[in-house]
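Protein chains: 4
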Amino acid sequence: MQITNKKAEKVKIAYIGGGSRGWARGLMSDLAAESRMCGKVYLYDIDYSAAKDNEKIGNMYKELPDCASKWDYIAVKTREEALKDADFVVISILPGTFDQMETDVHVPEEYGIYQSVGDSVGPGGAVRALRTIPMYVEIANDIKKYCPDAWVINYTNPMTVCTRTLYEVFPEIKAFGCCHEVFATQEFIANVYNSINGTAIDRYDISVNIFGVNHFTWVDAAHYNNIDLMPMMKKYAEENKDGKAFTTLNWMNKNFATNQTVKLDLYRRYGILAAAGDRHLAEFCPGAWYLKDPDTVAKYNFALTSVKWRKEDLKERLRKARAIISGEEPLKIEKTGEEGVNQMVALTGIAPYVTNVNIPNIGQIENLPKGAVVETNAYFSGDSVRPVCAGRIPDDVNHLVIRHVYNQERIVKSGVKGDYEGVFRAFINDPNVVIGLDKARELFDKMLEKTKDYLPFYEKYKAEEKSFI
Amino acid sequence: MQITNKKAEKVKIAYIGGGSRGWARGLMSDLAAESRMCGKVYLYDIDYSAAKDNEKIGNMYKELPDCASKWDYIAVKTREEALKDADFVVISILPGTFDQMETDVHVPEEYGIYQSVGDSVGPGGAVRALRTIPMYVEIANDIKKYCPDAWVINYTNPMTVCTRTLYEVFPEIKAFGCCHEVFATQEFIANVYNSINGTAIDRYDISVNIFGVNHFTWVDAAHYNNIDLMPMMKKYAEENKDGKAFTTLNWMNKNFATNQTVKLDLYRRYGILAAAGDRHLAEFCPGAWYLKDPDTVAKYNFALTSVKWRKEDLKERLRKARAIISGEEPLKIEKTGEEGVNQMVALTGIAPYVTNVNIPNIGQIENLPKGAVVETNAYFSGDSVRPVCAGRIPDDVNHLVIRHVYNQERIVKSGVKGDYEGVFRAFINDPNVVIGLDKARELFDKMLEKTKDYLPFYEKYKAEEKSFI
Amino acid sequence: MQITNKKAEKVKIAYIGGGSRGWARGLMSDLAAESRMCGKVYLYDIDYSAAKDNEKIGNMYKELPDCASKWDYIAVKTREEALKDADFVVISILPGTFDQMETDVHVPEEYGIYQSVGDSVGPGGAVRALRTIPMYVEIANDIKKYCPDAWVINYTNPMTVCTRTLYEVFPEIKAFGCCHEVFATQEFIANVYNSINGTAIDRYDISVNIFGVNHFTWVDAAHYNNIDLMPMMKKYAEENKDGKAFTTLNWMNKNFATNQTVKLDLYRRYGILAAAGDRHLAEFCPGAWYLKDPDTVAKYNFALTSVKWRKEDLKERLRKARAIISGEEPLKIEKTGEEGVNQMVALTGIAPYVTNVNIPNIGQIENLPKGAVVETNAYFSGDSVRPVCAGRIPDDVNHLVIRHVYNQERIVKSGVKGDYEGVFRAFINDPNVVIGLDKARELFDKMLEKTKDYLPFYEKYKAEEKSFI
Amino acid sequence: MQITNKKAEKVKIAYIGGGSRGWARGLMSDLAAESRMCGKVYLYDIDYSAAKDNEKIGNMYKELPDCASKWDYIAVKTREEALKDADFVVISILPGTFDQMETDVHVPEEYGIYQSVGDSVGPGGAVRALRTIPMYVEIANDIKKYCPDAWVINYTNPMTVCTRTLYEVFPEIKAFGCCHEVFATQEFIANVYNSINGTAIDRYDISVNIFGVNHFTWVDAAHYNNIDLMPMMKKYAEENKDGKAFTTLNWMNKNFATNQTVKLDLYRRYGILAAAGDRHLAEFCPGAWYLKDPDTVAKYNFALTSVKWRKEDLKERLRKARAIISGEEPLKIEKTGEEGVNQMVALTGIAPYVTNVNIPNIGQIENLPKGAVVETNAYFSGDSVRPVCAGRIPDDVNHLVIRHVYNQERIVKSGVKGDYEGVFRAFINDPNVVIGLDKARELFDKMLEKTKDYLPFYEKYKAEEKSFI
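Residue numbers (this note's numbering), protein chains in the order written: chain Y, 1 to 469; chain F, 1 to 469; chain G, 1 to 469; chain S, 1 to 469.
Since the hints were made in silico from the structure, they are not lab data.
Fair warning: this is a prediction, and the values are worked out from it, not measured in the lab.
Among the hints, a few may not be true.
The list that follows gives simulated cross-link-like pairs (lysine-lysine, BS3-like), each with its CA atoms no further than 30 Å apart [said to hold, decoys possible]:
(1) Lys-439/G with Lys-244/S
(2) Lys-241/F with Lys-462/Y
(3) Lys-439/S with Lys-235/G
(4) Lys-299/Y with Lys-446/F
(5) Lys-144/Y with Lys-417/S
(6) Lys-413/Y with Lys-144/S
(7) Lys-417/G with Lys-439/S
(8) Lys-234/G with Lys-417/S
(9) Lys-235/Y with Lys-439/F
(10) Lys-235/S with Lys-7/F
(11) Lys-77/G with Lys-174/G
(12) Lys-7/Y with Lys-466/G
(13) Lys-234/F with Lys-145/S
(14) Lys-234/Y with Lys-446/F
(15) Lys-332/S with Lys-311/S
(16) Lys-370/Y with Lys-174/S
(17) Lys-145/G with Lys-417/F
(18) Lys-308/F with Lys-234/F
(19) Lys-320/G with Lys-332/G
(20) Lys-12/G with Lys-145/F
(21) Lys-6/F with Lys-6/S
(22) Lys-462/G with Lys-320/G
(23) Lys-144/F with Lys-417/G
(24) Lys-452/S with Lys-417/S
(25) Lys-7/S with Lys-6/F
(26) Lys-244/F with Lys-466/Y
(27) Lys-234/F with Lys-439/Y
(28) Lys-6/Y with Lys-413/G
(29) Lys-241/Y with Lys-6/F
(30) Lys-462/Y with Lys-52/Y
(31) Lys-413/F with Lys-413/G
(32) Lys-234/G with Lys-446/S
(33) Lys-241/G with Lys-446/S
Start from the sequences, fold in the hints, and give me the full structure.
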């Protein structure tokens, strides 16, 4: 990379999961729109042909009249080629296929455990973590070998576990996890403000202080200019059971409406605002609260996302990719609202700024353990990301949050060593696993069996004699 | 108090709850057997006639030929008379009557929540705490006023909440909570050892390192002489599903057999030994583990103690008291195995020693919050109780324990202020409350209604408009 | 205050010490140059005529053709008038007169203790603190009463003690201390870079991570764009004994050259860069290192600033003020390079940014005590200042720093209570007080005697019987 | 080792430094007097003939009529023979000879730095540490290899550094450091009590709470029975400049009177009682306080122990040994008052008890760093030493103490790696090194040169180019 006159050139980005039909496309569009940075993107994917498709699409951006920066896209067959001397590494992979995700989400339903997403915590999150961790161990080792000074941006879920695994394997890594859920909450606040004041401010006008873990972050201070917006949100929560009128469509997931009913219930109960979509929030709370059964879910106005839908959606995305490549459908540069490209620009030192991010706790949250990956704002500047001190999470909220921190730390530490029995201890400590020990074991074993092709230590686990029930 | 030649004389003990038919009788017997200390015991009880009965019985000990120390017993009508310039204060009260305890234990069963004791945590523990806290606030204030330098021994449950409330109200208080559950665990270890080695050692021969909170303490090191007994216990746990053969009858609660099945299951799972009876342990774990329903309880070989039994037992104890007073039954000096009297002797400086105790954490447990009341060993010497450093609780165990620490801290802080809504947040965070938010609210309100005569802030709570479900 | 279209209007600033001939003039000029903010500045000073002079000068700015924002200046006779409903409070006072400062700086010389500034630590800093603390107690109480929501910017030394006192008296205050020493270090780094690379970057191009306490801050990371500049500085330090060629004139103190000799010596010794001028740094180190005697000072290329010079300088500034008022000399708008006005703009929410600041430690520095006032970067945004996590100070550096943290905490806590004996314990723990206990007592007493008019507890101190030597 | 009926037999003790004429003789006498333990003592010394002499004397004890336990003494030529499967290891060595100690103590005097002992901190302590650390690295490695489960008792100074080095090299080691200074303080308190009350209590009747680092420990609570003795000591300190009347002769060092003048001065100043002899205390305080020059030392009634005296004393001890072996002088069993043998008995589990000890901080002192070796009481029981929580050291005292903790940690960490430049940073941070940086370097280099035969990294240090002055 070379920086001259506030422009970074010859930037090398390695994209792990470069065949992705969602995040990769968004990044391509954002890069094409960003004039302060230019270079090459190396696309690596275990499905090489998918990477090749993205190479084609990526290079098509250069022809668009409003392209601000002409990036070269190169699909490669090895991780080494992608990573070698990269300036930035983007990781956005699907651990396994949607068949495995089907197991994660729907097998627990046989035991009365409902999950609205199934990719972060709960039975689904734990088993997805078990598939993901060995992949991240390999990636971390390769980054250490081929580009130890690169900045690494993780988009894969379970976000906390993935990011934390990178640090567990290579503690000096410069990595962070990036998620858009907080942006939607800023937008919700802006929309409430607009409805009251007849204004048209947007999410960028709302500054927030946030703390927690990914998908279970909380806002205890929000401002528009110097106006404290928390009293407004408190009043709103007290007077409204839901926020349907201000329903925000999630970035990159435009089919998942969130009606804020869970968020507002939590606000009334705990006095601060949870900052992820309701589908995520519900999974971090005790199972009986919002996910007891489909009726409870309906009562709280959110939905259980079926994997069937995801499979259909993927087909549509594949069709669309082919249509773009063949020229049947036009390619457009549209800003996604994601912050990834802004973060890269900030890291070149050209335009420092503050946004939210997932990194190890060095004190930014006073009452969560040091070293655990947490989400707060951070200051991005030349070659550095430094968290902004977010203070103490209010006790009662923290008691909900810290339980997941403990579980996630256990999953990472045991997962990296292949100690699935340790992971089971986190599994039965999850607030959504409200079944007996024998049933929990049966469920865990069934889920592992179905996903065993991705579990390097599966045989060892089966061979261990288990003396407990 | 006056100490001469290793004997403490003119000791004044104030007994709050001095009409007690259980603990008071035990203490009288232990005092009669202890030659190094003598003086007066002031018995205060809201039921003055009960205290008067104990006065009679207490003074009868002086006539026994094997009485080592002739204590005077005086029933008094005010707390002030009892406390004024006391050297020691013993608190052992029943917060409310067995009718209230019936509510604590059995109303939750209507919601599918089973409790084996119902006096420490869970719905019963929380509501019992709400009754107890205002009484302890008064007692603490009176101690501050009438005998600020006295040593205060608490026997009442919920042990942690009661002891912690004393410190919340009067931070300079010299108080500790005293419980026999660990002794039974030492006895269990001794019995296992004896069965293997053909020896006859007893609980005093077993030294243990303990940490946790009352009724959910754990042993990570046990020795007989310098022999590490943990490998023996590990082997035992792996080879035995229960410890029926070594079943120990609890001190002072001789009807509650504990078969160690829960304890051994936890050992296999977590690698260290829980140190309370199974009935207590079960209540601190997620509800679905050991208390899902009566069948599960049966499977794990423990019992749900019904309050009906307690009522019958009380009748028998009353009958026995009358029989002793009338001379129909003989009075005997029998050592109870409790440590209260030994602790008092140690505090005079005559015979320092180490035993387990509940006091605020000043570092004795590294990974529990400072200030919370925890249980470890402590060194008792002249006018001081200093905890022995017990180290770090293993992570997975600590995650089970700390959740109760958070809840208990919340209950004390909210309970003292009369903020029952705050207590409800602890209530729904209890691992045994695995019901929906609306059902939990219904249960909480029903329990409060039934115990409202003991709740000074009940009307305030009812009057608050609650905007959540 | 009212914010419309990214402009804050009707801003009320209270200036305590509004008769100041240095800082007040700089602020006026910076305000006149700032188009995003406008309003009124209330000048309060114990010397009302000095405030009145500044009122005249302040209002003259409105007539200048390049005035971007026409502020009204009003001299007031009471602190209440100035503070009532203020949006911002600026505090910049001289505690006592230069006669007292003469005592602070020069009496210790009679005991062989040399000070290069005498306003932060050392005997001078301690005694100056004793004068300042009662003034800050009053100011903090008035802010609590008249404008509890105002943002308070402190410029007075001892910076740490003054800012910390505000929080000691009114813990909810929104105050921070502001100092330019770090800027000069950024400029030094930029100058070294320019000399090597033939560029012309300036201090704003250099981003730094800083930690420590005011006047004893340290830089462990510096970047231009994404280039790590620490290797360059290391090489420079190894090859150069001083930095005379890049000597920077301090903001607002253009007569105090700093040749960086101390800074480079510390760099070679500790491996990171101290970030204040050498005159300040020397005073925080053990006295024998750089301040043993005038020869040692000369060897390290810095100077002992005599108070005589300050008195002369003040005369010149008074003359200049009169000349401006009379029209003999022209008034000019010149940016000072100070950050105060930018910070205010950021706090309105219009233009968030990151700069260094002195506020209580909530975790921004891992290895300094919580609650102590420390200096790091912070993120200024709408109505909030949140520190950026600066990490751990390297151990050996921290051992030098933390000693002052302890002393400053002691001085504040004892100073607020009027416990001068406690202050004496900090006095004899200062690294520059390398004299015997009896001599130290003699010096302390002599200094207090000379400044007693400013010491509300002086008589109490004299009356105490002191049983030690 | 084998324990039957409260008696430990076949105990193997390895004595490293087994040719010692002081500590070894005391241990032999204490072992002969202790009926609960018996076995063999292996004496290893680099001076084999000295060990052989002790073997002879040791075996002579068996013939004495009052010998309670007949131990076999065996001098061995390798550390391996001594350590192999030992139950206990005692380390009491002289690092170098008295010639080196002469350098430690007297060379600094050429620079105006006076030391009263020179073996713990200050220039002498640092350089002695540099000699000792490599020896302790070897010993720790051998213990790890030959007897990892043995309990290791260290008597060598610098106590803290030696003990800490063992843990740095072999973190699982079961080691503690043992010192008698606190006992003398208990005796002083007992003597004051006796003089007032006409009693005859002794040090065993005084229980104390202690905290700090070895030779700079402090007592904040002392009791006889349950009587708080601190008010008595406060009054004594206020009314008396010295404690000559109660002067206590140190155990094993019967020539070093301590008149308590420093101790009482510190008491008046800081409000709690320092618990080591004045000669030690003085060295931990800023140099100008008590060690400015010989006149100051005289004023405070203590003495600079010259190494010349130590050499004379050694001659006398050698003579005495020969006289005993030849039968000219009788051998007697006299209890030394040291606790080593009692500690061993406690570790067998036969007789648990509490005494003071030096071990890594796991929370026993709240405000000293975790991991540093600190001195507090500890509970000795079967195969375990667990510190008793001593609480927080009062702030002003802690600021004096923690400085040494930092320096000692630096010395161990740098010393183990052979980074003498790091040790120099501790050297110039010592409160008694009140000389300029160039003089300090000159002194450090001169001291190292004179002791270089014991410094494995000396050549490396000399070869490093040092760019600072």
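Right, here's what the structure says about each hint:
1. For the hint linking Lys-439/G to Lys-244/S, the alpha-carbon distance of about 26 Å falls within 30 Å, and the restraint holds.
2. The suggested pairing of Lys-241/F with Lys-462/Y holds, with an alpha-carbon distance near 21 Å, which does not exceed 30 Å.
3. Distance restraint check for Lys-439/S and Lys-235/G: the Cα-Cα separation of roughly 26 Å lies within the 30 Å cut-off, and the hinted pair is therefore satisfied.
4. For the proposed pair Lys-299/Y and Lys-446/F, the alpha carbon gap of about 24 Å is at most 30 Å, so the pair holds.
5. Distance restraint check for Lys-144/Y and Lys-417/S: the Cα-Cα separation of roughly 27 Å lies within the 30 Å cut-off, and the hinted pair is therefore satisfied.
6. Under the criterion of a C-alpha separation no larger than 30 Å, the hint pairing Lys-413/Y with Lys-144/S is consistent with the structure, at around 28 Å.
7. For the given pair, Lys-417/G sits about 41 Å from Lys-439/S by alpha-carbon distance, which is inconsistent with the 30 Å threshold.
8. Annotation: proposed proximity of Lys-234/G to Lys-417/S holds, straight-line Cα distance about 23 Å (limit 30 Å).
9. Between Lys-235/Y and Lys-439/F the CA atoms are separated by roughly 26 Å; this keeps the pair inside 30 Å, and the hint holds.
10. Between Lys-235/S and Lys-7/F the CA atoms are separated by roughly 28 Å; this keeps the pair inside 30 Å, and the hint holds.
11. Between Lys-77/G and Lys-174/G the CA atoms are separated by roughly 25 Å; this keeps the pair inside 30 Å, and the hint holds.
12. This hinted pair does not check out: Lys-7/Y and Lys-466/G have alpha carbons roughly 69 Å apart, beyond 30 Å.
13. Distance check on the hinted pair: Lys-234/F and Lys-145/S sit about 27 Å apart at the alpha-carbon level, within 30 Å; holds.
14. About 28 Å separates the Cα atoms of Lys-234/Y and Lys-446/F, which keeps this hinted pair within 30 Å; it holds.
15. Between Lys-332/S and Lys-311/S the alpha-carbon distance is near 25 Å, which keeps this suggested pair within the 30 Å criterion.
16. With a C-alpha separation of about 28 Å, the suggested pair Lys-370/Y and Lys-174/S falls inside the 30 Å cut-off, and the hint holds.
17. A threshold of 30 Å between alpha carbons decides the hint, and for Lys-145/G with Lys-417/F the separation of about 28 Å falls inside it, so the pair holds.
18. Using a Cα cut-off of 30 Å, the hinted pair Lys-308/F and Lys-234/F is violated, with the two alpha carbons roughly 38 Å apart.
19. Restraint check: the Cα-Cα separation between Lys-320/G and Lys-332/G comes to about 13 Å, which is no more than 30 Å; the hinted pair holds.
20. Proposed proximity of Lys-12/G and Lys-145/F is contradicted: the alpha carbons are some 51 Å apart, above 30 Å.
21. A hinted pair counts as satisfied when its Cα atoms are at most 30 Å apart, and Lys-6/F with Lys-6/S qualifies at roughly 26 Å.
22. For a cut-off of 30 Å, the pair hint linking Lys-462/G to Lys-320/G is broken: about 43 Å separates their Cα positions.
23. A C-alpha spacing of about 26 Å is found between Lys-144/F and Lys-417/G, which places the hinted pair at or below 30 Å, so the restraint holds.
24. For the hint linking Lys-452/S to Lys-417/S, the alpha-carbon distance of about 16 Å falls within 30 Å, and the restraint holds.
25. With a C-alpha separation of about 28 Å, the suggested pair Lys-7/S and Lys-6/F falls inside the 30 Å cut-off, and the hint holds.
26. Under the criterion of a C-alpha separation no larger than 30 Å, the hint pairing Lys-244/F with Lys-466/Y is consistent with the structure, at around 22 Å.
27. Between the alpha carbons of Lys-234/F and Lys-439/Y the distance comes to roughly 25 Å, so the proposed pair stays at or under 30 Å and holds.
28. Restraint check for Lys-6/Y and Lys-413/G: not satisfied, since their Cα atoms lie roughly 49 Å apart, outside the 30 Å limit.
29. Proximity of Lys-241/Y to Lys-6/F is assessed by CA-CA distance (about 70 Å); at most 30 Å being required, the pair is judged violated.
30. At most 30 Å may separate the alpha-carbon atoms for a hinted pair to count; Lys-462/Y and Lys-52/Y exceed this at roughly 39 Å.
31. Using a Cα cut-off of 30 Å, the hinted pair Lys-413/F and Lys-413/G holds, with the two alpha carbons roughly 28 Å apart.
32. Distance hint between Lys-234/G and Lys-446/S is fulfilled; the C-alpha atoms sit about 28 Å from each other, no more than 30 Å.
33. For the hint linking Lys-241/G to Lys-446/S, the alpha-carbon distance of about 25 Å falls within 30 Å, and the restraint holds.
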